[in-house]
Amino acid sequence: MASITSVVKTSELILKSPLLSKIVVPLAKTYVKYSGYRQLGFKMNDLIIEETPNMQLALRRLPPSESYDRVYRLIRATQFSLSHKLAPESQVTKPEEDDHYLIPYILDVEAEAFEKEALDNLEVVKRK
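So for the sequence shown, this note's numbering puts the first residue at 55; every next one is plus one.
Read the hints as simulated data drawn from the structure, not as lab findings. Yeah, the Cβ is synthetic: ideal placement off N, Cα and C, and Gly gets one too. Each hint should be verified, as a subset may be incorrect.
[What the hints assert, rightly or not] Calculated lysine-lysine pairs in the DSSO-like style (CA-CA distance at most 30 angstroms, straight line):
(1) Lys97 <-> Lys87
(2) Lys97 <-> Lys70
(3) Lys83 <-> Lys97
(4) Lys87 <-> Lys139
(5) Lys63 <-> Lys87
(6) Lys63 <-> Lys148
(7) Lys76 <-> Lys148
(8) Lys87 <-> Lys148
(9) Lys148 <-> Lys83
(10) Lys170 <-> Lys182
(11) Lys139 <-> Lys97
(12) Lys87 <-> Lys70
(13) Lys139 <-> Lys83
(14) Lys148 <-> Lys70
(15) Lys76 <-> Lys87
[What the hints assert, rightly or not] Simulated DEER-style distance windows between Cβ atoms:
(16) Val78 <-> Arg114: 29 to 35 angstroms
(17) Ala82 <-> Glu171: 27 to 33 angstroms
(18) Lys87 <-> Tyr155: 19 to 25 angstroms
(19) Ser89 <-> Arg181: 54 to 60 angstroms
(20) Val178 <-> Ser89: 47 to 53 angstroms
(21) Lys170 <-> Ser135: 35 to 41 angstroms
Turn these sequences into a full structure, and let the hints steer you where they fit.
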């Protein structure tokens, strides 16, 4: 599985290139529109798999209000799913509300994990 860091770097590369952004951005917007997660009240970051150790640590670092909002969105979407209904128009996530609230925390956790791995594999060479 790709790390969030590699996904962010790839997206930055695509957005810097005029040709790639002209092709990929409309496709991404169409994909998001038809994926349907906004019709259940989710934000994009609510869909990231949370069973990984890095994600667990990032979720623990969320501010309490953001963590509460996330859990509320998950419970509300579960209710909509169980009743086989979509969210009412007032509860549908609008594109401007769909921010990446969790990505900065995940990037910090991954940077710390990469640094820890580099330090754990460090070889000390004795000088003569």
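Results of checking the hints against the structure:
no. : hint                                  : verdict
1   : Lys97 <-> Lys87                       : holds, 12 angstroms
2   : Lys97 <-> Lys70                       : holds, 25 angstroms
3   : Lys83 <-> Lys97                       : holds, 14 angstroms
4   : Lys87 <-> Lys139                      : holds, 17 angstroms
5   : Lys63 <-> Lys87                       : holds, 23 angstroms
6   : Lys63 <-> Lys148                      : holds, 25 angstroms
7   : Lys76 <-> Lys148                      : holds, 23 angstroms
8   : Lys87 <-> Lys148                      : holds, 11 angstroms
9   : Lys148 <-> Lys83                      : holds, 13 angstroms
10  : Lys170 <-> Lys182                     : holds, 28 angstroms
11  : Lys139 <-> Lys97                      : holds, 18 angstroms
12  : Lys87 <-> Lys70                       : holds, 23 angstroms
13  : Lys139 <-> Lys83                      : holds, 23 angstroms
14  : Lys148 <-> Lys70                      : holds, 25 angstroms
15  : Lys76 <-> Lys87                       : holds, 17 angstroms
16  : Val78 <-> Arg114: 29 to 35 angstroms  : holds, 33 angstroms
17  : Ala82 <-> Glu171: 27 to 33 angstroms  : holds, 31 angstroms
18  : Lys87 <-> Tyr155: 19 to 25 angstroms  : holds, 21 angstroms
19  : Ser89 <-> Arg181: 54 to 60 angstroms  : holds, 57 angstroms
20  : Val178 <-> Ser89: 47 to 53 angstroms  : holds, 49 angstroms
21  : Lys170 <-> Ser135: 35 to 41 angstroms : holds, 38 angstroms
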